[in-house]
Amino acid sequence: MPIESIAILVLAGFVGYTVISKVPNTLHTPLMSGTNAIHGIVLLGGLIVLGHGVDGVLNKILLVVAIAFGMINVVGGFLVTDRMLGMFKQRPGGQRSGGRGAGGREGGEQ
Amino acid sequence: MTTLVSVLYIVAFVLFIYGLMGMTGPRTAVRGNWIAAAGMAIAVVATLLLPGMGNWLLIALGLGIGAVIGVPAARRVKMTAMPQMVALFNGVGGGAVALIAWVEFRVTTGYEDEPLYVAIASLFAAIVGSVSFWGSGVAFGKLQEILPGRPVTLGRLQQPLNIVLLAASVAFAVIIASGGRSEWLIIGVLVAAGLIGVMVVLPIGGADMPVVISLLNAFTGLSAAAMGLALDNTALIVAGMIVGASGSILTNLMAQAMNRSIPAILAGGFGGAAPGGAATVSGAGGRPVRSTSTADAAIQLAYAGRVMVVPGYGLAVAQAQHAVREMADLLEAKGIDVAYAVHPVAGRMPGHMNVLLAEADVPYEALKEMDESNSAFPQVDVSLVIGANDVTNPAAQSDPSSPIYGMPILNVTSSRSVIVLKRSMGSGFAGIDNALFTDEKTAMLFGDAKESVGGIVEELKAL
Numbered sequence: 001m002p003i004e005s006i007a008i009l010v011l012a013g014f015v016g017y018t019v020i021s022k023v024p025n026t027l028h029t030p031l032m033s034g035t036n037a038i039h040g041i042v043l044l045g046g047l048i049v050l051g052h053g054v055d056g057v058l059n060k061i062l063l064v065v066a067i068a069f070g071m072i073n074v075v076g077g078f079l080v081t082d083r084m085l086g087m088f089k090q091r092p093g094g095q096r097s098g099g100r101g102a103g104g105r106e107g108g109e110q
Numbered sequence: 001m002t003t004l005v006s007v008l009y010i011v012a013f014v015l016f017i018y019g020l021m022g023m024t025g026p027r028t029a030v031r032g033n034w035i036a037a038a039g040m041a042i043a044v045v046a047t048l049l050l051p052g053m054g055n056w057l058l059i060a061l062g063l064g065i066g067a068v069i070g071v072p073a074a075r076r077v078k079m080t081a082m083p084q085m086v087a088l089f090n091g092v093g094g095g096a097v098a099l100i101a102w103v104e105f106r107v108t109t110g111y112e113d114e115p116l117y118v119a120i121a122s123l124f125a126a127i128v129g130s131v132s133f134w135g136s137g138v139a140f141g142k143l144q145e146i147l148p149g150r151p152v153t154l155g156r157l158q159q160p161l162n163i164v165l166l167a168a169s170v171a172f173a174v175i176i177a178s179g180g181r182s183e184w185l186i187i188g189v190l191v192a193a194g195l196i197g198v199m200v201v202l203p204i205g206g207a208d209m210p211v212v213i214s215l216l217n218a219f220t221g222l223s224a225a226a227m228g229l230a231l232d233n234t235a236l237i238v239a240g241m242i243v244g245a246s247g248s249i250l251t252n253l254m255a256q257a258m259n260r261s262i263p264a265i266l267a268g269g270f271g272g273a274a275p276g277g278a279a280t281v282s283g284a285g286g287r288p289v290r291s292t293s294t295a296d297a298a299i300q301l302a303y304a305g306r307v308m309v310v311p312g313y314g315l316a317v318a319q320a321q322h323a324v325r326e327m328a329d330l331l332e333a334k335g336i337d338v339a340y341a342v343h344p345v346a347g348r349m350p351g352h353m354n355v356l357l358a359e360a361d362v363p364y365e366a367l368k369e370m371d372e373s374n375s376a377f378p379q380v381d382v383s384l385v386i387g388a389n390d391v392t393n394p395a396a397q398s399d400p401s402s403p404i405y406g407m408p409i410l411n412v413t414s415s416r417s418v419i420v421l422k423r424s425m426g427s428g429f430a431g432i433d434n435a436l437f438t439d440e441k442t443a444m445l446f447g448d449a450k451e452s453v454g455g456i457v458e459e460l461k462a463l
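Residue numbers (full-length UniProt numbering), protein chains in the order written: chain A, 1 to 110; chain B, 1 to 463.
Simulated from the structure, these hints should not be mistaken for laboratory data.
Below are the DMTMM-like pairs computed for lysine to aspartate or glutamate, each with C-alpha atoms no more than 20 Å apart in a straight line:
hint: 1; chain 1: B; residue 1: K334; chain 2: B; residue 2: E459
hint: 2; chain 1: B; residue 1: K368; chain 2: B; residue 2: D329
hint: 3; chain 1: A; residue 1: K22; chain 2: B; residue 2: E372
hint: 4; chain 1: B; residue 1: K461; chain 2: B; residue 2: E326
hint: 5; chain 1: A; residue 1: K60; chain 2: B; residue 2: E183
hint: 6; chain 1: B; residue 1: K368; chain 2: B; residue 2: D337
hint: 7; chain 1: A; residue 1: K22; chain 2: B; residue 2: D371
hint: 8; chain 1: B; residue 1: K334; chain 2: B; residue 2: D296
hint: 9; chain 1: B; residue 1: K334; chain 2: B; residue 2: E458
hint: 10; chain 1: B; residue 1: K368; chain 2: B; residue 2: E332
hint: 11; chain 1: B; residue 1: K461; chain 2: B; residue 2: D337
hint: 12; chain 1: A; residue 1: K22; chain 2: B; residue 2: E369
Based on the sequences and whatever the hints tell you, model everything.
Structural data, given as structure tokens:
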């Protein structure tokens, strides 16, 4: 029954609303880019439909394109966001400890 | 759906939400992004674990193509081209939704034997996804300057045409939902919706573009959520809806930062009002423009006590941020206080300028937000406006006929003197003239921003 799905939909809406209530201007662009990456979740839709089997060449082509699109959205989105945020890395006390490049590690706490 | 998949989905939701929360604070943002990415990876793996999955080769092909295109695109894009890249990534997401909806129609032969809600959700996803794909495409074209950045309008025909297109796509959808089986119907839905995307974004002026991209971002989220309803997949519903809601809030915040309302932006025409702009210039009394040289500018700066740099998109395109940083270092060595006044929409997106300056190692504390800058300007000896235009235009405060009237600006004219670095007397992205350039406090330094700043640096060294 869709009623549960709709309940989930509404609650997720509230979560989204609450999470982004207070954001400094500076972070608007990275945040837009980050949420942009998250809607790449449509990738799953392509996986489900293709994975459960479709007939016809056109259907298959369309779905492969859809999956590729979703994948571009996901990986591109997260990588671009990381690059943007990498620019904001804090430099403790003016010394630049080459914290760029290696994305995983956090340069320094202030 | 098996229990394992459900559990993994729940883990993914927690990571999405936790990651997004992290992304709202400057210190936790990088980690937040990766947490959300981890959530996405888990959601993908969980989906592949669903029972009865097959077609592995084609799935791998799709994922591979996406990764091969997406990774280098994201790695290589220049920081200045970031906004259009975001538009592009958003567009392909919308395109994916539209394509999946199309295939859904084909494999169910027009939603035969499917509950009505599936048809409605899938058709909604098709419309919104297609709007988002084509709208983002136009936004990309405009920002990349393939298409004219100025508003392109049909004048009075615009609104009726958009309404007709919307009515057409909804009508096709209703025919499908009430039993239409012809494939042309779904193609009609997709085409009409695509045209809406094109027609709505085409008339929007460049300065409003970030807001539009953010809006389309929210749209793609909503279409993903609708697709989740149609496919009965909780991951799509939750993640799509979170983006739909947070994207809407974000769009609103951005519009507020520019003192624009979203309906006004969508109604279009911003920056197209040439008569208002022309009136401003003649209103300034046709005062001659005073131009200056790098040597004079350097002396003026060297004898100042406080300098405020006002960066704009021109600084970004000229890649002048490193030269500016060098200049600031020289000035600071002379004991001059240098700060940066960053307008919320400086660059082409809110926060875009902060990214570019941070790239040049400009300390975070030197970046002043608009209110702080405006209260500091009266104590500033020299305001150095580098490639910024509309965000300093006094017409936004003084000329009610100006298209940007009401937009908060940086009051550079309240500082003691102003030097404007600009390539030419051309108008800004919004396509309107700026009375600041003819103000008596203003001296213009024409040329490429990077070369001009480089020239000032040389002169400062020679002093």
